[in-house]
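**Student:** Single-letter residue listing:
2 protein chains.
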Amino acid sequence: MTELILALDFGGTKHTAGLIGRGETEFRARRQVISPANADGDYDLRTMLGLGHELLGGAQPAAVGVSFGGPVDYDTGTVKLSHHIPGWENRPLRQIITAEFGAPTNVDNDANVAAVGEHRFGAGRGCASLLYITVSTGVGGGWILNNRSWRGRDSMAGEFGHIMVDPLGPLCVCGSHGCVERLASGPYIGRRAREWLAVQPERGAILRRLVDDDLNAVDGKVVAEAAAQGDELAWESLAVSARALGQAIGSVANLINPERFVLGGGVTKSGERYWDLLRATARAAAMPEVSYEVVPAGLGDYAPLWGAVAIADEPPA
Amino acid sequence: MTELILALDFGGTKHTAGLIGRGETEFRARRQVISPANADGDYDLRTMLGLGHELLGGAQPAAVGVSFGGPVDYDTGTVKLSHHIPGWENRPLRQIITAEFGAPTNVDNDANVAAVGEHRFGAGRGCASLLYITVSTGVGGGWILNNRSWRGRDSMAGEFGHIMVDPLGPLCVCGSHGCVERLASGPYIGRRAREWLAVQPERGAILRRLVDDDLNAVDGKVVAEAAAQGDELAWESLAVSARALGQAIGSVANLINPERFVLGGGVTKSGERYWDLLRATARAAAMPEVSYEVVPAGLGDYAPLWGAVAIADEPPA
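Top line first, the protein sequences correspond to chains F and C.
In this text, residue positions in the first sequence follow my numbering: the first is 780, and each later residue adds one.
In this text, residue positions in the second sequence follow my numbering: the first is 780, and each later residue adds one.
Chain F with its partners taken away, still in its complex shape (with noise of 0.2 Å):
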């Protein structure tokens, strides 16, 4: 009989759990919950557990994969904190899932988790280095050397988002200016927007007319629509995000030197503009002699749920 998987995936503002067998290219079963505004640690844990069992029926897992959308302490599997929910400081996450499910556990933050599920199922196959980007409302990446992941000396490697693009740019929620989720993210790309359709009356009016003027309505989404309309001031918006990215990607390139760049996340569907810019800058900041690749994510919001399933099964730490 085939060894059954469990992967959990803890969202900030979902949760998803994924039952499959080993081996298999196709989750038997996938369920998935939003969480409520006013959820915490206990309850965003009572629903996974909860999902968990469902999908089970009582079968016993053979090994179970975690992926946690905030900084996580891979060798112990302890959660430091969740940034979007309180009450999960310090919570010891592999013990708690391997006590309930009686099965080896990993637990990793989702970028890591995310990078693992590209590299083994999505658009990192076959690759043996490469960097995952994820940007949509953060920036947050994951790497994987020598075809495993790297996560440093804090389990802090793969801040992609946090490499200062700009001196003089604006300040950042981590303390430091112009880093790239400061410029990049899609609520930076919003509020710039705002920020300029405020002050420039005559511009935007495609975008204007999108949100029915209702500045606070505009978002990174609706940027990235008003832009592919051929509104100059949404795109200027849009620009400043790829060019954050491609700047950082051609500086990783000589850094690293990697095979392959991996962008996800709700941004990196801005259009084929967008992602000419970004590879165009990349290029340019890049060294003739480095090579590399920037590709479109495979498995969409589906990522750290592979990738869940890949870490199952990696050694304990």
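Hints listed in this document are in silico derivations from the structure and should not be mistaken for laboratory results.
Just so you know, not all the hints are guaranteed correct.
Copies of one chain are not kept apart here, so a pair can be met inside one copy or by any two copies together.
To be verified - Here are the simulated DMTMM-like pairs of lysine to aspartate or glutamate, each with C-alpha atoms no more than 25 Å apart in a straight line:
id: 1; residue 1: LYS859; residue 2: GLU1068
id: 2; residue 1: LYS793; residue 2: GLU805
id: 3; residue 1: LYS859; residue 2: GLU1072
id: 4; residue 1: LYS1048; residue 2: GLU1011
The hints should help you fit chain C onto chain F, whose structure is shown.
**Tutor:** For chain C alone, kept in the frame of chain F given last:
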């Protein structure tokens, strides 16, 4: 009888050879030759083979390690070119050395080899991951990850000098803008000071005195000396260098989270104020959760030679 290891360091301006017994901590003998201005690949090779035979005195080495001052394809041991000396293009250096001395040979570029040297014998001992950075005529770097060299897809990893730290910065030899090297290396510390001296006649009195008012004599070293004596114009040029290095180190700490940064090269001998600014800038750019150390290199100019001893023993690629 102790097996002999021959270490060869092909530099841009001088060649060094060393002979050591396996496991020993001091060279039995070392020889160095300064290259004439008209040296080429043939000259370099002939000189170095001569030094090797002189040191060996007819004995047979068990292994040879070679550091080369330019890009090398590690897998084949072929030199791609020298940026300083003509006639090095595509020389199969490993093959040549193996044939000459009848011993297994490994060849890598000087920054990677110096990183291995510092890791095994210098300021990186006991550290599983580090970036070695050398700041002198250029800015180079070499990675140790998981106690091994990380070379990347094209053997190009470690080009720390070509991280872009200022998108509006000056044009770099690599074709990009505002690279670390363009802001931090010795020649550009000198050039910046010269440019400022030319347009700020009332400033830089100490620096002017040190070069007897001959602005062409202003280089990175004399700028550091003037700054140490209290010249504020000189200090400002040094500060641009320290800030560029610090900013990039902070970003790399976030991206890779290595245990240590080991800094060598003449520019890093610019005094405590330089190091303080570099460290403070790095700390401000790194996320609070990311820890690392920034330390001076321990082996000075002999890092590549010690690294050559270490790579002599590596298994063939």
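**Student:** A separate judgement is required for each hint: does it hold in the structure or not?
**Tutor:** How the hints compare with the structure:
Taking the closest pair of Cα atoms, LYS859 and GLU1068 come within 25 Å of each other only across two copies (11 Å); inside a single copy the shortest separation is 40 Å, beyond that limit. Proximity of LYS793 to GLU805 under the C-alpha cut-off of 25 Å is restricted to the intra-copy arrangement: shortest distance 21 Å within a copy versus 61 Å between copies. With identical chains, the CA atoms of LYS859 and GLU1072 are at most 25 Å apart between copies only, with a shortest distance of 22 Å across copies and 33 Å within one. Proximity of LYS1048 to GLU1011 under the C-alpha cut-off of 25 Å is restricted to the intra-copy arrangement: shortest distance 18 Å within a copy versus 50 Å between copies.
Figure legend: structure checked against the earlier numbered hints; every hint is met.
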